[in-house]
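Colleague: Between the sequences and the hints, there should be enough to build the whole structure, so can you do that?
Residue strings, one per chain:
4 protein chains.
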Amino acid sequence: MQIPGPSAVPDRILSAISQQTIDHRGPDFAAVGLKALNGLKTIFKTEEHVFIYPASGTGAWEAALVNTLSPGDRVLMFETGHFATLWKKLAEKLGLKAEFIEGDWRGGADPDQIEAYLAKDTSHEIKAVCVVHNETSTGSVSPIAAVRKAIDSAKHPALFMVDTISGLASLDYQHDAWGVDVTVSGSQKGLMLPPGLSFNAASAKALNANKTAKLQRSYWDWAEMLGPNQTGYFPYTPATNLLYGLNEAIDMLHEEGLDNVFARHARHGAAARAAVRHWGLEVLCATQGQESGVLTAVKMPDGHSADAFRASTLEHFDISLGNGLSKVADKVFRIGHLGDFNDLMLVATLAGVEMGLKKADVPHEEGGVQAAMQMLA
Amino acid sequence: MQIPGPSAVPDRILSAISQQTIDHRGPDFAAVGLKALNGLKTIFKTEEHVFIYPASGTGAWEAALVNTLSPGDRVLMFETGHFATLWKKLAEKLGLKAEFIEGDWRGGADPDQIEAYLAKDTSHEIKAVCVVHNETSTGSVSPIAAVRKAIDSAKHPALFMVDTISGLASLDYQHDAWGVDVTVSGSQKGLMLPPGLSFNAASAKALNANKTAKLQRSYWDWAEMLGPNQTGYFPYTPATNLLYGLNEAIDMLHEEGLDNVFARHARHGAAARAAVRHWGLEVLCATQGQESGVLTAVKMPDGHSADAFRASTLEHFDISLGNGLSKVADKVFRIGHLGDFNDLMLVATLAGVEMGLKKADVPHEEGGVQAAMQMLA
Amino acid sequence: MQIPGPSAVPDRILSAISQQTIDHRGPDFAAVGLKALNGLKTIFKTEEHVFIYPASGTGAWEAALVNTLSPGDRVLMFETGHFATLWKKLAEKLGLKAEFIEGDWRGGADPDQIEAYLAKDTSHEIKAVCVVHNETSTGSVSPIAAVRKAIDSAKHPALFMVDTISGLASLDYQHDAWGVDVTVSGSQKGLMLPPGLSFNAASAKALNANKTAKLQRSYWDWAEMLGPNQTGYFPYTPATNLLYGLNEAIDMLHEEGLDNVFARHARHGAAARAAVRHWGLEVLCATQGQESGVLTAVKMPDGHSADAFRASTLEHFDISLGNGLSKVADKVFRIGHLGDFNDLMLVATLAGVEMGLKKADVPHEEGGVQAAMQMLA
Amino acid sequence: MQIPGPSAVPDRILSAISQQTIDHRGPDFAAVGLKALNGLKTIFKTEEHVFIYPASGTGAWEAALVNTLSPGDRVLMFETGHFATLWKKLAEKLGLKAEFIEGDWRGGADPDQIEAYLAKDTSHEIKAVCVVHNETSTGSVSPIAAVRKAIDSAKHPALFMVDTISGLASLDYQHDAWGVDVTVSGSQKGLMLPPGLSFNAASAKALNANKTAKLQRSYWDWAEMLGPNQTGYFPYTPATNLLYGLNEAIDMLHEEGLDNVFARHARHGAAARAAVRHWGLEVLCATQGQESGVLTAVKMPDGHSADAFRASTLEHFDISLGNGLSKVADKVFRIGHLGDFNDLMLVATLAGVEMGLKKADVPHEEGGVQAAMQMLA
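Protein chains in written order, with our numbering: chain A, 2 to 378; chain B, 2 to 378; chain C, 2 to 378; chain D, 2 to 378.
The set of hints was computed from the structure by calculation and includes no laboratory data.
Please note that a few of the clues may not be correct.
[Claimed, not checked] DSSO-like, lysine-lysine: derived pairs with alpha carbons at most 30 Å apart:
1) Lys212/C / Lys89/D
2) Lys212/A / Lys98/B
3) Lys150/A / Lys90/A
4) Lys212/B / Lys98/A
5) Lys90/B / Lys206/A
6) Lys215/D / Lys94/C
7) Lys94/B / Lys212/A
8) Lys215/A / Lys98/B
9) Lys212/D / Lys94/C
10) Lys90/D / Lys212/C
11) Lys98/D / Lys212/C
12) Lys94/D / Lys328/D
13) Lys328/C / Lys300/C
The model shown is predicted, which means the values in this text are computed figures rather than measured ones.
Modeller: Here's what the structure looks like:
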């Protein structure tokens, strides 16, 4: 499975989630809950609270907004790609006024444009700035620390919310040091779990906003979680077996070392791009330094259907490439290199693409795999 | 584990959920999704739609309300016990006017009182009647078909919503034949799964109400699900591995036969009550014919702490009894006999209770286990 | 499963054996092999060598003999029951002269008879004395330390071999302190593993005998094992995944504490016998102090078929009782209480037997379960 | 893991072996046993009997000999490599007179030499001809059908025994059609299981020889197996959980189709050799048409240590190559492509070797991976 997530779940994690479910109100559960809640802090790099939802990432997107905002609030978002667009639609559906800084889907969010936009909002009507860290539809990474600086330069009090559903635990991420107020993430990418858990990390400022935020909420309400979480419990039934897996994943990440995990993904991104360029194809992310180590989106040559190529490659080489979404549908395919991925798995993936290009008669220069191997060896 | 849920997860299901996660957008997923969606219909006994949420049961409670109601709507609920009370609080938190017919926690919902209450609402301001089928805090079962008749007798157009989180797949339940509009359920009781999935079954009338309902919703919105579900897919990332388990559970229930499953639980409930009565203790459910086959709540003799007894029994016999909740805290303990449970597991559970009563010096007549065995043999 | 073995395999062990197989010649294997080899010493209570065979217990019986004896050697065995008889037949098949002290299958080996027999062998033609520790066909335990004393009293140099296939890790066993030369055991009883591994523990005297023993051997030959075992390896491909399980089992036994394990089985044996006697049935083992804590064999009342009773009990209560073997075929049924077994499992088992007696119209006094509970509480 | 076995165990099989152990004497076991016994016949392509041992492959080697031969019997073997040599030593240890036709380890057994050797044995003192089908130490395949013809041409009555421990279920094998009398195999190669099971397939002639063969045997004795096997049972405790895995493996092989499995391995062998030759290295098997599809042994350039190269490659690219054994120790490394192996896993393996050659400064032409991809695409 080489699509950009869900990532392949390592055997250790599959084994962990297949342990017998224990009573989530019983005395033994506290250790499970506390390990998960505290362990996640080390992954988000935060001293603040991390909330765990039995829900997919879409739920954590919603949670971030309904916990901190009120109906009609203005929210600034940046169009990095398909997932930023979906988050904007969700905000609108919740009754927020979501405003987009448009983007060309070929890079991350632009701090300068954000600063300029905020500077014009002298009455501070904008209540939140929402940015996608790793845009899974394009393979571009937004410079989160720089966006923080932009907000500060504009002296704007808006909350800063970041979606790192596909970035966390693959790319460096620092909730506290980067001054993020709400971080949204999920289980099935860098954390290498099956889908079913999602997360909010919240700053003191965000927790404070929660007290006056008027959007309707119950399941997502942070206020209900804080008390039980102190002792490792949850206000409603948690997804116990996925928490077993989460705890195993946190151990695995620390055994390898987060910095090693990040370096591995950076190396794989560079090798994948070397192959793509050798083939004579174009990487969708056109902004140097913002290419993702999690996945590489590749533009299909004109006159060729990316989806037809993906189908052919799946059939002949059993390799599943990500599809182009909405604006880039059928024009792009995506190579995932996330989660529990090593050098040889990357070579195998690139070999599948190269053999697929040949099989589908897509014009290309052979030898991309060899080019990637040069980078890796 | 003998608490009233989560039930012990059978090995077959643990094995199913530990299979490798597949791409929830890929071609192989359709079969998984369709089997789950269609299989659930056979469990809810409905030809209508069943929605699957990656969420705990609390989420499905919320979903039932936000999909069909508007802010300020009046909702009639019946105080069967703790969980009915929690559902009422949730309704209030969402901005509904929830009204309780008070109960003594010793039986299910009373159709006559419901009919009388609705009859007075001549202007049909009440938009929904909400009843808990199997009240996990008391071990009482509401007569759902009779409540439907009560609503019809009152010629009242309110939607009929039923929580059978702990009843489904243990007690007979008929979404269509009983005229329920929204049924709420979850994965971790009769379906024998780990927690993390919950469900709404919706009638045509409920789906119609969804079109005009004004409560804020996004994650829970049925409207987004209907389209993708047609082909076995979901609008956002499903909890794939729990779906594997769900499909295995559906197979297991049909292999045994739903009627056999129901008969088994009925027999276990009767045997458990025989033991309790032999001990000289009182079953909390005082309404004949409404005692649950899923769990048996037992009143502690005056002057004895139910929680101290539970702690002692856990320590000495490794058996986990359910605690009394809110109004009956420390006054009641609950014996679970749900899910994948057989005669000998019931005997073992009752033996643990009887040996626990002795160890904790709770006055009782010995021989309750033998009395239960008489019923079972 | 309540037969006297294979015992129910705990989830922890099933999970361990489902880990990916590693290269048994690679560097990571050493830790697995050494943990198993050294860990077993703590279970056999020996400082000597323990040999691990990818084989069932029958193989370890053969290994004990072919490694130490020569064609035509005389061997003294004691007829404790069916398994002692099988071991004797195996010895004869290998070309040894096996001699039986006959027994009535109602107790363990008798040290006095052994001493008397050896005393007559003034020319020391008898090369080995072979005794079954826990005779699985009868539920009797031989007094191993006393047999050692008997051999010593007779001043006889024969090797002392003990089969504790079903006793090890359930009953106290001390290879070194009791002066045993070769101990034979297997994986699927007290070690709680699936079948597929078996063992020989060998004293220095036995290892010395190996050098001159003339029976044909290759697969079983200790001499080939000793070298590779020093560093945790094996001369041929080991059953790697079962070794994973073995290491987990050794951890589990030490977590509970071997003495606690032994006490638990002793208590279960006493409670089982209390039930049997209350029913008015007879325990096969008639020698006080030699009743097994691993299983209890029960004599069927005259005129009743034990096998018909067993079949009926399996059908109606899903409980699998052990059958009577050879001399006691159809006259005895056996209740297993070995391995990972707790008080409530024992009660459940006894309840199954008692309900089974009722269902099959076997005359008995009701209340045996209650009698057992008296012993346990 | 790319060593030439044990092969990586597929998740389906790991899941199968982690099911609860059932009673090997109980009624449910028959289906498990019969499926294994009959299923294996379809893999060995025989209508005769296949014996299953809870033992490693070494045990099945011994079983083949002790079941059919008598002390002092002459046996003709062919020195295809290390494993043929081990089998010969084992024969000698059992008291047989094993005679070698020497080989250079660069091809399979030579039918012409065998015919010539047998032709000289006019008194028919040679009782068996033993050949290794797929010699795991060299990557050469013996022409089994041609050896059968050679024996027939020599009009020699010797039994024909073949070791296909590493060939079965990867290379075409036809026990009946090729006139083999005893076929030896094991679980951990083409059958994709963990080690712990091994097999003998026996012709009517071999079963007949069993009746008069005088070598000492008990555990391995076919005669004890035949009866119980008729109904799916075994004379001693089988390795139940490995049988679960075996049954799953047989299903997987038939789902893919044996011919497709063979074609896949043939293709992988050809691609691996293309890479090796592109690198400018030499394939150990020098006999055209006898190169193995299971593994490829590669000669290390003079002056370079194969073992140092293997250690470096393991360290840097986490790829485990097989070592050179005895005569070719340190001069050869072996690339495994056995079992559940696909095109991209082969590319990944070859990439690991090529990057390893670079890292270890072994002179080679880059582009071997690309050459293999040409063969595969």
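Colleague: Now, for every hint given, state plainly whether the structure supports it.
Modeller: Outcome of the hint check:
1. Between Lys212/C and Lys89/D, the direct Cα distance comes to roughly 22 Å. Compliance with the 30 Å bound is thereby established for this hinted pair.
2. For the suggested pair Lys212/A and Lys98/B, the alpha carbons sit about 22 Å apart, so the restraint of at most 30 Å is met.
3. Distance hint between Lys150/A and Lys90/A is fulfilled; the C-alpha atoms sit about 26 Å from each other, no more than 30 Å.
4. Between Lys212/B and Lys98/A the alpha-carbon distance is near 22 Å, which keeps this suggested pair within the 30 Å criterion.
5. With a CA separation close to 28 Å, the supplied pair Lys90/B and Lys206/A stays within the 30 Å bound.
6. A distance of roughly 11 Å separates the Cα atoms of Lys215/D and Lys94/C; the hinted pair therefore holds under the 30 Å criterion.
7. A C-alpha spacing of about 14 Å is found between Lys94/B and Lys212/A, which places the hinted pair at or below 30 Å, so the restraint holds.
8. The suggested pairing of Lys215/A with Lys98/B holds, with an alpha-carbon distance near 18 Å, which does not exceed 30 Å.
9. Between Lys212/D and Lys94/C the CA atoms are separated by roughly 14 Å; this keeps the pair inside 30 Å, and the hint holds.
10. For the hint linking Lys90/D to Lys212/C, the alpha-carbon distance of about 19 Å falls within 30 Å, and the restraint holds.
11. Restraint check for Lys98/D and Lys212/C: the C-alpha separation of about 22 Å stays at or below 30 Å, so the hint holds.
12. For the hint linking Lys94/D to Lys328/D, the alpha-carbon distance of about 21 Å falls within 30 Å, and the restraint holds.
13. Distance hint between Lys328/C and Lys300/C is fulfilled; the C-alpha atoms sit about 12 Å from each other, no more than 30 Å.
Consistency with the previously given hints is maintained throughout, with no hint failing.
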